[in-house]
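2 protein chains.
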Amino acid sequence: MKDRGLLIVLSGPSGVGKGTVRKAIFDNYSNEFDYSISMTTRKRREGEKEGIDYFFRTKEEFEQLIAEDGLLEYAEYVGNYYGTPLDYVNQTLDEGRDVFLEIEVQGALKVREKMPEGIFIFLSPPDLDELKSRIVNRGTDSDEMIERRMHKAVEELKLIQYYDYVVENDTVKNAARKIRNIIESEHLKVTRNLREYAEIIEEME
Amino acid sequence: MKDRGLLIVLSGPSGVGKGTVRKAIFDNYSNEFDYSISMTTRKRREGEKEGIDYFFRTKEEFEQLIAEDGLLEYAEYVGNYYGTPLDYVNQTLDEGRDVFLEIEVQGALKVREKMPEGIFIFLSPPDLDELKSRIVNRGTDSDEMIERRMHKAVEELKLIQYYDYVVENDTVKNAARKIRNIIESEHLKVTRNLREYAEIIEEME
Numbered sequence: 001m002k003d004r005g006l007l008i009v010l011s012g013p014s015g016v017g018k019g020t021v022r023k024a025i026f027d028n029y030s031n032e033f034d035y036s037i038s039m040t041t042r043k044r045r046e047g048e049k050e051g052i053d054y055f056f057r058t059k060e061e062f063e064q065l066i067a068e069d070g071l072l073e074y075a076e077y078v079g080n081y082y083g084t085p086l087d088y089v090n091q092t093l094d095e096g097r098d099v100f101l102e103i104e105v106q107g108a109l110k111v112r113e114k115m116p117e118g119i120f121i122f123l124s125p126p127d128l129d130e131l132k133s134r135i136v137n138r139g140t141d142s143d144e145m146i147e148r149r150m151h152k153a154v155e156e157l158k159l160i161q162y163y164d165y166v167v168e169n170d171t172v173k174n175a176a177r178k179i180r181n182i183i184e185s186e187h188l189k190v191t192r193n194l195r196e197y198a199e200i201i202e203e204m205e
Numbered sequence: 001m002k003d004r005g006l007l008i009v010l011s012g013p014s015g016v017g018k019g020t021v022r023k024a025i026f027d028n029y030s031n032e033f034d035y036s037i038s039m040t041t042r043k044r045r046e047g048e049k050e051g052i053d054y055f056f057r058t059k060e061e062f063e064q065l066i067a068e069d070g071l072l073e074y075a076e077y078v079g080n081y082y083g084t085p086l087d088y089v090n091q092t093l094d095e096g097r098d099v100f101l102e103i104e105v106q107g108a109l110k111v112r113e114k115m116p117e118g119i120f121i122f123l124s125p126p127d128l129d130e131l132k133s134r135i136v137n138r139g140t141d142s143d144e145m146i147e148r149r150m151h152k153a154v155e156e157l158k159l160i161q162y163y164d165y166v167v168e169n170d171t172v173k174n175a176a177r178k179i180r181n182i183i184e185s186e187h188l189k190v191t192r193n194l195r196e197y198a199e200i201i202e203e204m205e
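One line per chain: the protein sequences are A and B, in this order.
Read in order, the letters of the first sequence correspond to residues 1 to 205 in full-length UniProt numbering.
Read in order, the letters of the second sequence correspond to residues 1 to 205 in full-length UniProt numbering.
Any given hint could turn out to be false.
A pair counts as met if it fits within one copy or between any two copies, since identical chains are not told apart.
Said to hold, decoys possible - Below, in silico cross-link-like pairs of lysine-lysine (DSS-like), each with a Cα-Cα straight-line distance of 25 Å or less:
| hint | residue 1 | residue 2 |
| --- | --- | --- |
| 1 | Lys114 | Lys189 |
| 2 | Lys132 | Lys189 |
| 3 | Lys189 | Lys152 |
Please keep in mind that the hints were generated in silico from the structure rather than gathered at the bench.
Same shape as in the complex, but just chain A (with noise of 0.2 Å):
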């Protein structure tokens, strides 16, 4: 029996290149864990396929899932439901892959509270003095925008005690490479590996 795949949850700050390196992992290391589908009630675009780019249901089919609790996390947007079934991730992770999910800081604190087990990894902005002065030194802003920029800006980076690593993102390369390494390392743990060496001491002894 092989054992359980992890949930790997890729988070941080909007603007902080999330999409970015998620896609430089994918590009380099795409065999070794699949992308989280989302499922969607927006309207399918030519070309998008059904269980590749999303699972496309009703309205009232989300609904119904949001009902009975059967999705990771979800949120509205223009109009659209968008969000991650529950049970497309459980199967994935029963087949002993690893199942990758990047998403907004909001939606990561909902999977935490479903599935505490899983990877948190908080993406954060390459140098947090740069972070705030570039704020504060943006000649044209007006204070009242300066202080809820900065102060959303605190707020998202307040949530890093929710996550189990932060990566920072100096550049994308070494950011893809460090998650890469944390989910590898994360395989290496004994509690992991415990179940295959004790059946291999059982036939020794």
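Guided by the hints, dock chain B onto chain A, whose structure is given.
The following block gives chain B in isolation, referenced to the frame of chain A:
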């Protein structure tokens, strides 16, 4: 203030190739951590330097340290003591440097008692099934010899449960790379970076 370094303990069954893997790690990533320097009561040989090859001490000094609980672990070997001085390890860690210790399984367990916060990595034979048949199929050995070797191998493998990570020594290069990645990933844990982020957040608020 720099965060405290990590104590990395590489161990594993006798003959698994710990020394070779440790050498590969230091050849490739030597500037990333300090190798733990042992203390010994054996005579200094020509060319050996105090504090580089060993800390050389008299038997009385060494036994004084044992009495003061000043060693992470120690053992006697052909009439001489060998051990890991606790002070040196703590000082290096306090300077923010990682300390790398390569050691037999029994010694590693003693280190774990004194420094449970260390990262304990078990280097495992590449193929346990092969290990088993290698032990059994050495044509010339007596049944008793086979049994004794099998027993020792099993006893050593059972100690895996006291470690954090298990790395198969399939190739020296692979094993060295994985161990280096484990150390890097451990440094990316949020718990080791919270203070830095808390400071930035405080400044921004």
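Evaluation of the provided hints:
For a Cα distance limit of 25 Å, the shortest separation of Lys114 from Lys189 qualifies both inside one copy, at 22 Å, and across copies, at 21 Å. Taking the shortest alpha-carbon separations for Lys132 and Lys189, only the inter-copy value of 23 Å comes in at or below 25 Å, while the best intra-copy value is 37 Å. Taking the closest pair of Cα atoms, Lys189 and Lys152 come within 25 Å of each other only across two copies (24 Å); inside a single copy the shortest separation is 36 Å, beyond that limit.
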